[in-house]
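Protein chains in written order, with our numbering: chain A, 17 to 778; chain B, -17 to 271; chain C, 12 to 171.
Some clues are possibly wrong.
To be clear about the criterion: a stretch of chain C counts as covered by chain A if any three or more of its residues have a C-beta under 8 Å from a C-beta of chain A, and this derived list gives those stretches [stated by the list, open to error]: (1) 13 to 27; (2) 70 to 82; (3) 88 to 100; (4) 110 to 123.
Derived, one-sided and incomplete: chain B residues facing chain C with beta-carbon distance under 7 Å [said to hold, decoys possible]: (5) Tyr(-12); (6) Val19; (7) Arg89.
FYI, nobody ran anything at the bench for these hints, they're computed from the structure.
Nothing here was measured: the structure is a model prediction, and the numbers come from that model.
Glycine included, each C-beta is placed from N, C-alpha and C at the ideal position.
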Amino acid sequence: MNEESKPRAGSNYKWVGSNTPRPDGVDKVTGRARYGDDMILPGMLHAKILRSPHAHAKIISIDTSEAEVMKGVKAVMTSAAIPDHPLSEPPYLPIINDFHDISRNVMAREKVLYDGHAVAAVAATSESIARKAVKLIKVEYEVLPHVLDPLEGAQPDAPILHEHQYTAGTDPETSQPSNVFRIISGERGDLEKGFAEADEIIEREFRSQPVHQGYIEPMACVAAASEDGTLELWTSTQGHFVARTLLAKLLNMDMAKIRVTASEIGGGFGGKTTIYAEPVAVRLSQMTGRPVRMAMTRSEVFRATGPTVGSYCKIKIGAKKDGTITAGHADIWYQAGAFKGSPIGRAVDTFFSPYNIENLKATGYDVCVNRPKAAAYRAPGAPMAASATEGVLNELAKRLDIDPIDLRLKNAVKDGDQSLMGTKHSRIGLIEVLEQAKSHPHYSAALEANQGRGFAVGYWLHGGGLSSASANLHDDGTLSIATGNPDIGGSRSSMRVMAAEELGIDVELVKPIVADTGSLGFSYLTAGSRTTYATGMAVVNATREVIEKLRELAAKKWDIPVEDVTWDSGQAVPSDAHKGDNKPLSFGQLAGMATKMGGPIAGHSEINATGQGAAFCAQLVDVEVDPETGFVSPKRHTVFQDVGRAISPDYVEGQMQGAAVQGIGWALNEEYIYDDQGHLLNTGFLDYRMPVASDVPMIEPVMIEVPNPNHPYGVRGVGEPPLVSAPAAVANAVENAIGITMSSLPLSPPKILKAIETGSSS
Amino acid sequence: MTELKYEAPETVEAAVGLLAAGTQGAKIFAGGTDLLVQMREDLIEPEVLIDIKKIAEVRAITVGSDDIKIGAAVTGAELGEHAEVNALWPGVVEAMELIGSDQVQGRATMGGNLCNASPAADSVPALIAAAAKAVIAGSGGTREVPVEEIVTGPGQTSLGPDEFVVQIILPKPPTRAGDAYLRFIPRTEMDIAVVGAGVSLSLNDDGTCAAVRMALGAVAPTVVLVEAASDILVGKNLDDAVLDALASAASGVCNPIDDKRGTIEFRTKVAGVLARRVTTIAWQRAEKS
Amino acid sequence: MTKHNITATINGDETEFTCSAEQTLLDVLRGELQLTGTKNGCGTGDCGACTVIVNGRPVNSCLVLGAELDGANVETIEGMAKGGELHPLQQKFLDQAALQCGVCTPGILNMAKALLEKNPDPTETEIRFGLAGNLCRCTGYDKIIRAVMDVAAEMRASGS
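Pulled out of the complex, with its shape left as it was, chain A reads as follows (with noise of 0.2 Å):
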């Protein structure tokens, strides 16, 4: 825990907790806000991509001449404009650190390894002419057999799609070039044993299929070159300082010469913490010398931008008759798509976290195939690894006749219990979580026919790491914090709040922005449910700075020993004995003094905070299943949250209603569709069925504050634990309303029809 940070005493506060007017807010609300796409810069060109429509096939050759020589077309370019760069040694790196990936996934060299992988792109002087040059530029392919599923492209007779890459963690080592790109497990007891000491064992399968993060905003940027070799970038982005090192890397090119600003983020949910076609835009800045805009469709976004994995799981859980979990088993595979990396080491960490079992075995096997690179979904691994074990659970309590509230009560993890791969817990909010649910109206309330309930708990540790801030003050008693993350979800808001409670000032005086790369330390990204636990422990170091400064001028103003200044409630406050002479000076008193005595304050901090707590979260779901037709209907659903204190309840509130409803979805509708050669069929929001309003009902999110000891605040990151039981609990809604347990996500009406009618969903 940083010394700095330790947590105020007391919780009667002036701001935290209560809801502010967002400070962005009239912006988004006027259609003044700028999003990626809404950048004009004089003499922008448009740029576009041509794209692979083969699953899996060697480049054999690129005719872009006619392109080139179409009006309007500026540049044209392929690979051959990105840089190279060599494998990692081992090939071990997941994607997110290979550099010789990320070159092949902003667009393909030897191979293209998905439909929808870049192959070219254009800039030209307007977006009509983009799309036409592009329909010009011809490539010879030779199709290569293709696999999609996770399970098939392990197998040693799968199409490879890298013949570099061997599987890492086997014992022997092997060098026979595989799909499997490695294996990470975890263990602990004796497996047999507990297995022996059970009364029940449970022995399930679990399929899910891809789903993507669903932002309502494609991927946009600008890019915007000189000929000094600085570069301007204009992009959506959870990560511009991500971005910016990405970019660096892969251009070779020098960091501080890059300057990424982030555009206000029409969502983000994992999917955009990595760059995709912003390379290509610099590219073709480079070459033209002009700005230029780069925006994706909505197929391109479905076809080429990372989905979460797929996945297929085995798992067997043994319990004694009283509810005691004596063991637990589970294998996962997942689809990392056409580069290697997925979050099997989450799933490893995340199937039996919320629960005290002894004896444990837990494997994940990370697998390309023919699809689109998997990017992070809110909980990145966690929803589908959830899934399995609270679907077993579900038949668990059925079978051994216990409350289901009860069965997860009896092996609730405690305070210094540990999970599979060894993360101690402090303090953890799981028991009450589950004691809120159980008293609940919603547990207790009457179905009707045709109706189930389904109940499920999920477990998140979420992110610490850097971030920086900077808090300036103004002579008119203004302050402006500068943070270096994007603003997904009303972060901006609790900044602020953080800060005008440490002030003790009004939060109107308080004006948070987000600051691009050349103007603050590094930020790692708006991701991971890290931003109000790290980036405010940042704002709050900051702020204590100027705290100290203004106490110091006080004192000088004063001329007392700073020891015998306090800060409280906005003011600078003499001690007993210097009181007579001195009355106290206000915050804005002494902003407008300081230029004038030494000069202007301001706080900085940079951090890599640590420290952060385990959350939980509990979800209740009510559906009604329509037994002629497979319809679902979900009729009602609570979460219960262990947010460890909501600075800004509402947004708080928000996060669990959102991440509800995309639990809905991939529980019910959500797929990538393809056919039998590779071709995604489903390329838009009409055929990737996600949750429109008249889907759901109202949520009513619970908050349950178990203050984490180590945040200032005592913050938990609250985005990401709501996805990760919400499948699980409307699946297991489904499974109560029919009485059949199920195999696959998703849920959909065919597959609900056919299993009521055959009393089975194999």
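Given the coordinates of chain A, assemble chains B and C onto it according to the supplied hints.
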């Protein structure tokens, strides 16, 4: 690559002339909710868009003594607001209203829905059940054709290259008549029908069925009439046996495909379920009328 | 290239623009007119982020051609606040956290406005179906629906 042209004729004759001159490259443009999407997805590359929205008769609804003429470019929103057509043919109207969102309703037209010729078009089963006719204009003059003869296959119509649909004509329903349309979609909105069922029926004075037409969409390359419906229902009251027989007959005429929206098995089953449900609704409407 | 000369009323101002046949109203708004408040989420009429009001009807601007708009009346998000005052819907969305990333918000505000103008006393179900053409991925719709219901009640109470 030729540049796209846009024309907005103000008479039927002028539109026909443009169609004739443009041969294969000309497309009629009304709401554009299918046309513009197909152009965006590079499925079609027209050379001329002929916007018919300035032609008075394709935008008007006229309720006469014997029939109701609905201009082919009347929008779903406008149709939904027309109290009289709603009262006379609630099934036709509700079918049209199911197409897309309210925003799509502000643009989508029945003529477009019909001539786009998707097997899953929502208005078509209801129109066919209602025994609607299409008025077609072309170089050779105008002709009237039953709606079921318009669509010949997925994306294919029987219209000549210089022809377009100007109006849809619905007969005035007899007394004690009711119609209804239901569809199955996996969400509650915004989906293409996985199965669509339209039925129109009328009752005798004794409460038995006088006549019935039932048509199914999305279960075959074109909308199919359930021919057996008459034998099953005419002269009978509505009971479980009759409904079961209707369901079987409906499932029996299905010839669907497996695709990203549904399986053969599922569509066949649900066609029967919808046949039962839609007939019940139409019957209730007929009893009340 | 043939350009169409169009004069339309946009947010109350008579506005002239030229466009090619293939340019949609969305293209014109964001490109020719630099009114970037209307968003492009899908281009195929499935997400509603581009919703504007044309001649009193809410439509997806990605499916309307610029060339057909001569004489038309168009209302975009930029015209919703008047004289520095937010529309009650805009204010309520802020007050009740009915937006997170905000990219779907202009489309939803336009659709909600049109919905309430046509039906001042909608039920929750009517609002949900009325907004079914506007995808939101962040909020789960709950706070949006409540905000619209509350504005409807307030507007009815004040007689507006």
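Now the hints, each set against the structure:
no.	hint	verdict
1	13 to 27	violated (count 0)
2	70 to 82	violated (count 0)
3	88 to 100	holds (count 5)
4	110 to 123	holds (count 9)
5	Tyr(-12)	holds, 4 Å
6	Val19	holds, 5 Å
7	Arg89	holds, 5 Å
Hint check: violations occur at hints 1, 2; the rest are consistent with the structure.
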